[in-house]
Amino acid sequence: MVNFIEDFKFVFLEGNRWKFMLDGLKITIGVSIASVFVGLALGLILAIMKMTAVKKGKRTILSVLANTYIDIIRGTPSVLQLLIMYFVVFRSRMGVMAAIISFGMNSAAYVAENIRAGIMAVDNGQMEGGRSLGLSYGITMRYIIIPQAVKNILPALGNEFILLIKETSILGYIAIYDLTKAANYITSRTYKMFLPLIGAAVIYYILTKILSIGLAKFERRLRESD
Amino acid sequence: MIKVKNLYKSFGSLQVLKGVDAEIKKGECVCVIGPSGSGKSTFLRCLNLLEQPDSGEINIDGVNVMDTKCDVDKLRLNVGMVFQHFNLFPHLTILENLTLAPLKLKLMTESEAKKKAMALLERVGVGDKADCYPNKLSGGQKQRVAIARALTLSPKVMLFDEPTSALDPEMVGEVLEVMKQLASEGMTMIVVTHEMGFAREVGSWVYFMDEGVVSEDGTPKDLFENPKNERTKSFLSKVL
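Heads up: the protein sequence lines correspond to chains R and H, in order. The C-terminal position of the first sequence is numbered 226 in the numbering used here, with every residue numbered one higher than the one before it. The C-terminal position of the second sequence is numbered 466 in the numbering used here, with every residue numbered one higher than the one before it.
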């Protein structure tokens, strides 16, 4: 026990190394939040592109484009996407920006599927009910389908955010000091493996746990209003 | 009022309507009966283009519905529809269910729409539920609200697609009562139904559909008491 406390002091307190962890955590959270918004905006556009096929009853140019994009994003490792975005597209500059765009583009593919599934899960009778009253497709979507779909989509988006937080642990690949990279850095400075790595893992776990508890509460509230 | 000629509709390789002819006059309450899968509902849904027919003619109140230039949304203002599963909007209150369409289509002011909606809700006996959400209502109440909702736009024709099939038996009467009242006020109605009693009592004309065509039609008295077609006879002997 004494040993553990000594180690703890050495690893985190000496040289104010805990500040690396804190700064890393800020990067992790910051990049995650920014990426989730990029993913949401892009995902919404992709979902709308995909939905054009549902309205027409057959494939459209937009739906094919969206499907191809989603297919490629889901079929390639996100580490590679990040490396390509940073080294090829951004030419090794503006790492954080490249990361946000890369994670956002990655997330968008999954978000698009969530949004589409959430809209499709609304009973077709709702669309018919709206249309039979002389409302256009757009108005029916806006005032009848989307408000109901949001309840299906929001929990899925919360999950996407939790996934993103863990996904950002690959930021170290492009030399950004996120929580994982910071822990890794401390191991190289102290030659202690256990505490920095386990410490980082515990922080990730607490972070995602808080979010998933909040999400579960939120979902329950959504269901109560049904 | 409504003329249908040689209407065809397929779903993929399944031919559902094989040349339906019908003529419905103003103020009539036409009941469409027949076995499951005979195309009754599809026929009804073609009338307000919820299903796009493959070929044939539909003329509603002088408007050629099959014309590609026909404004579907405008047509539907004149053709109200009541569904088997009500299709009320669960995220809106009963009152909002009724006022949504007239407000979004800018056909009425908010106070006009509310006034009209309340009058209609009173008329179908659910005025006290105006501020509830649909899930607080019984099936019968839901269907009566759905009828009121279809009436807010003052349609010239009302289509009913098996309006009582999803209801508990004890709720059927209250819905049929509202429909009966509507028919007696001179609303032009087309009712796809399995309620033979209603067809007999309220219907002014009955169509018997089988295998995608109208195989027999006549006054309720003739059709129920002296069916000529063999298929009609065997169907009626099973359901009556």
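A couple of the hints might just be wrong.
To be verified - List time: in silico DSSO-like cross-link candidates among lysine-lysine, alpha-carbon distance up to 30 angstroms:
1) H:K362 to R:K217
2) H:K382 to H:K330
3) R:K151 to H:K340
4) H:K295 to H:K229
5) H:K251 to H:K342
6) H:K406 to H:K251
7) H:K244 to R:K58
8) H:K362 to R:K58
9) H:K382 to H:K295
10) H:K382 to H:K459
11) H:K295 to R:K55
12) H:K459 to H:K406
13) R:K26 to R:K55
14) H:K340 to R:K56
15) H:K330 to R:K55
16) R:K151 to R:K55
17) R:K151 to H:K355
18) H:K332 to R:K55
19) R:K56 to H:K251
20) H:K342 to H:K362
21) H:K447 to H:K382
22) R:K58 to H:K459
23) H:K362 to R:K151
Stated by the list, open to error - Which residues of chain H face chain R? A few of them, derived with a C-beta cut under 8 angstroms, are:
24) L321
25) L331
26) M334
What the hints contain is simulated information worked out from the structure, not anything from laboratory work. If you're wondering where the values come from, they're calculated on a predicted model, not measured in any experiment. Every residue, glycine too, gets a C-beta built ideally from N, C-alpha and C.
Tested hints:
no., hint, result
1, H:K362 to R:K217, "24 angstroms, holds"
2, H:K382 to H:K330, "20 angstroms, holds"
3, R:K151 to H:K340, "28 angstroms, holds"
4, H:K295 to H:K229, "19 angstroms, holds"
5, H:K251 to H:K342, "27 angstroms, holds"
6, H:K406 to H:K251, "17 angstroms, holds"
7, H:K244 to R:K58, "25 angstroms, holds"
8, H:K362 to R:K58, "39 angstroms, violated"
9, H:K382 to H:K295, "21 angstroms, holds"
10, H:K382 to H:K459, "33 angstroms, violated"
11, H:K295 to R:K55, "19 angstroms, holds"
12, H:K459 to H:K406, "26 angstroms, holds"
13, R:K26 to R:K55, "43 angstroms, violated"
14, H:K340 to R:K56, "35 angstroms, violated"
15, H:K330 to R:K55, "21 angstroms, holds"
16, R:K151 to R:K55, "22 angstroms, holds"
17, R:K151 to H:K355, "25 angstroms, holds"
18, H:K332 to R:K55, "25 angstroms, holds"
19, R:K56 to H:K251, "35 angstroms, violated"
20, H:K342 to H:K362, "22 angstroms, holds"
21, H:K447 to H:K382, "26 angstroms, holds"
22, R:K58 to H:K459, "43 angstroms, violated"
23, H:K362 to R:K151, "19 angstroms, holds"
24, L321, "15 angstroms, violated"
25, L331, "6 angstroms, holds"
26, M334, "13 angstroms, violated"
In summary, the numbered hints that this structure violates are 8, 10, 13, 14, 19, 22, 24, 26.
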